[in-house]
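S.K.: If you want the building blocks of each chain, they are given just below.
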Amino acid sequence: MESRNPSTTGNGTKPDSIDLEINTYQDTVYALICLGHVATWDDSNRGFRPGTKYGIGCRMKTSIANRISPSRPATPDLIIVTPPRGMVAEAKLSFHGSVADCESDLKQLMKYDDDLSGWPTPDGRIKAHDILLIVHYTRKGEATDILAAAKKAGTFVIKRKFAAVCFNRSPQGGSESMTLECFHGALTDRKLQRRMRPLAVPLAAVLPHHTAALYDQPPPMPLLLQLTWDRVFSTLVPPDEFLEPGRKTFSIPCSVDQVRELLADACGPPRLEKCQAEIPQRDWIKRMFLHLEQMGIARRIDSKPGSYTIDYCRKPSSLDFFKRMCLKITKPKTRLHGQKSGARPDLPGQMPMF
Amino acid sequence: MSEHLTGAYTRTEDAHALFAHLDAALRHTGVRLRGTVVAVDDGSDVPGLLRRRNSAVETVWSSPVAMCLQLPYLRPTVPGQREASTGTVLVMPTDEPRLFLVLTVDPKDFVWQSLFPLIARSAPRLFQPRITSSSLAKLLSSSEQAAGLDYFEVTQVSARSHLHERRRGKRFRSELMWTEESTEDVLAALRERGQWLHSVAFRYRILGSAGRLRCSARFSRQCSFAMQGEFSWSYHNPLQSMIKDAAAAVRFYSNRGRTGTPRQEPRPVAIHYPDAVFHDKTKLRHLARVLHLMTRSSVSVLHANPYFRASVVDFTDGSCYDIWVLSENSIIITPQLRATSASMGRVCDHILSWFGEGTLRDHYGIAESQHNG
Chain C
1 MESRNPSTTG NGTKPDSIDL EINTYQDTVY ALICLGHVAT WDDSNRGFRP GTKYGIGCRM
61 KTSIANRISP SRPATPDLII VTPPRGMVAE AKLSFHGSVA DCESDLKQLM KYDDDLSGWP
121 TPDGRIKAHD ILLIVHYTRK GEATDILAAA KKAGTFVIKR KFAAVCFNRS PQGGSESMTL
181 ECFHGALTDR KLQRRMRPLA VPLAAVLPHH TAALYDQPPP MPLLLQLTWD RVFSTLVPPD
241 EFLEPGRKTF SIPCSVDQVR ELLADACGPP RLEKCQAEIP QRDWIKRMFL HLEQMGIARR
301 IDSKPGSYTI DYCRKPSSLD FFKRMCLKIT KPKTRLHGQK SGARPDLPGQ MPMF
Chain Y
355 MSEHLTGAYT RTEDAHALFA HLDAALRHTG VRLRGTVVAV DDGSDVPGLL RRRNSAVETV
415 WSSPVAMCLQ LPYLRPTVPG QREASTGTVL VMPTDEPRLF LVLTVDPKDF VWQSLFPLIA
475 RSAPRLFQPR ITSSSLAKLL SSSEQAAGLD YFEVTQVSAR SHLHERRRGK RFRSELMWTE
535 ESTEDVLAAL RERGQWLHSV AFRYRILGSA GRLRCSARFS RQCSFAMQGE FSWSYHNPLQ
595 SMIKDAAAAV RFYSNRGRTG TPRQEPRPVA IHYPDAVFHD KTKLRHLARV LHLMTRSSVS
655 VLHANPYFRA SVVDFTDGSC YDIWVLSENS IIITPQLRAT SASMGRVCDH ILSWFGEGTL
715 RDHYGIAESQ HNG
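These protein sequence lines map, in sequence, to chains C and Y.
Mapping the first sequence onto our numbering, position 77 (from 1) lands on 77, and the numbers just tick up by one.
So the number in our numbering is just where the residue sits in the second sequence, counting from 1, plus 354.
Simulated from the structure, these hints should not be mistaken for lab results.
Backbone N, C-alpha and C fix where the C-beta goes; we use that ideal spot for every residue, glycine too.
Hints may be right or wrong, so weigh each one.
[As the list claims (entries may be wrong)] Partial list, derived from the structure: chain C residues whose beta carbon lies under 7 Å from chain Y: (1) Gly173; (2) Leu203; (3) Arg314.
So here's chain C without its partners, still in its complex pose (with noise of 0.2 Å):
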């Protein structure tokens, strides 16, 4: 998913903007989940299709022949893969405005109308796949004006099945959801989409045997802070040394690289095989060092580039102190790189408050 706000990159000046940064990213997270259990899920049956498996972020690649990128690389949020068809699916929580705002983000679904290579099978093809569009539900009407508009147009031209999916985190019958509805477009799988219309998936079921955290975009920074500060260097020091007489600080020599392959284990969706993207990025590991480096927490090795001391301690709560940190040390910006005058937010919710 790409954001056209630039307060979802983990700039968010206000503790409201940032906790509406974290509960976004985390819904997206949930929705790609569910959407994956969804359609690899057989309800007759109840067990998984055989055969299926589904993927958040993995990497494949155009051919010679596509519109929009011809032999480049593209990471789909999410893929799904039902034998001997497939589901390429991509986010757009902003998916708002006009045709011209969405323009990106229409070039990169007809980006994925394309005989994509990379599929998690032995050859690495796909008889045929569908593209899926997902929103929030509160961008469904708009999302159906606009891509009718621009069908309309003409600047949305895309030859395989194209549906477009949005999902609302509620409560149902006593327990959290995650609704899925098919509310545009049309699938190959007409049960998958008959049972989205719409389709309440129990989170409890679902959830807690899930350890991903993170999906193809940068998560707020104090929520990959403290991801990495509860899941990764809790792991670094021996279980045996911290009840160790007079020890409440540990300091653990740490490199980048060592800290992305950790966290991957630790809240990046479950690789698969060979498509699997780097999650998180390498990118966005260098900056939270730098961070954190701010913070005074981080100390760089100057004998080993890349390679930081951290001073690790116990925090009463990880996440209020990181989002404390966070807003200490980003400078409130009067008007933010690249956002253009009346700009909207992702989610009517995150209106600025005055």
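Following the hints, complete the assembly by docking chain Y onto the known chain C.
M.R.: Then chain Y, alone, in the frame of chain C:
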């Protein structure tokens, strides 16, 4: 120290002789035998693990039935003053692999100021397993029905319950009750009040060849215990019940870390409640408060309402968990890459004893899913 007390620590190669020594010490001196069940995370020996935290721990003797260890402590003499002394403990293997009994007839100060803190510092490789309120209730029922008794009554119960009306921010009530009731009556009263057990004490009379013997014992959910009057009956009855449940708990909590599973898949557990406790969304805030009460931990609440998600790091060994509330009647605990048996027990017991006693079981997730398609 009297002859009987020193006799409790006499070197012996035979379990019967060891039990006889301990029985004699308790019968003739009136002292309390205190101790705990401990679990060892790997195949290490208990003295070695204790010595890693306190190099002054010495092995006095070792035999197939027990080990006798000595460890230093500061004994209070007059108020405000202490003198260097040593305490002695016996470490006995149990029928359950990885579980041991640590026993002493030395004073309470030694147990609470030296022995138990040393065991707590030895985590995660040596730790006290945790049992539940229902295990304590089972221990009481089985003890009352055990052979060889002509009298049994519950004398003290420590229990907790929810406060339906919030008073000064307090959401639960902790009570210590003195009573002289049968197990059935006590458990019925606890059920009626919606309380769960923290510890129980009872007295009983044993019919033996030498006449009637008045005894008492106390057991807690941290697997610590104390007994007075005799040891053999307690060992074969309530203590065996506790050891079995502790072993089941250790097995349940073992190998939950994602590093130990194929493809690093999580093995979540769920605490189920009979009622829809989270229908009242203020209970989510209460759960967050309860998690923040856990010592040596870091709790980050990622989402608090209408669903709950928190990341918990246990700073006794670096284990990490995601805590979820996604339905009205259960809390799901998803262990992350590192989740030791000791830490799993600590986190689950903290929620069970401070938020509310529920039924702990594996969370199977998708197999139970009810998609409404």
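S.K.: If a hint holds in the structure, say so; if it doesn't, say that too.
M.R.: For each hint, the structure was consulted:
no.: 1; hint: Gly173; verdict: violated, 9 Å
no.: 2; hint: Leu203; verdict: holds, 5 Å
no.: 3; hint: Arg314; verdict: holds, 5 Å
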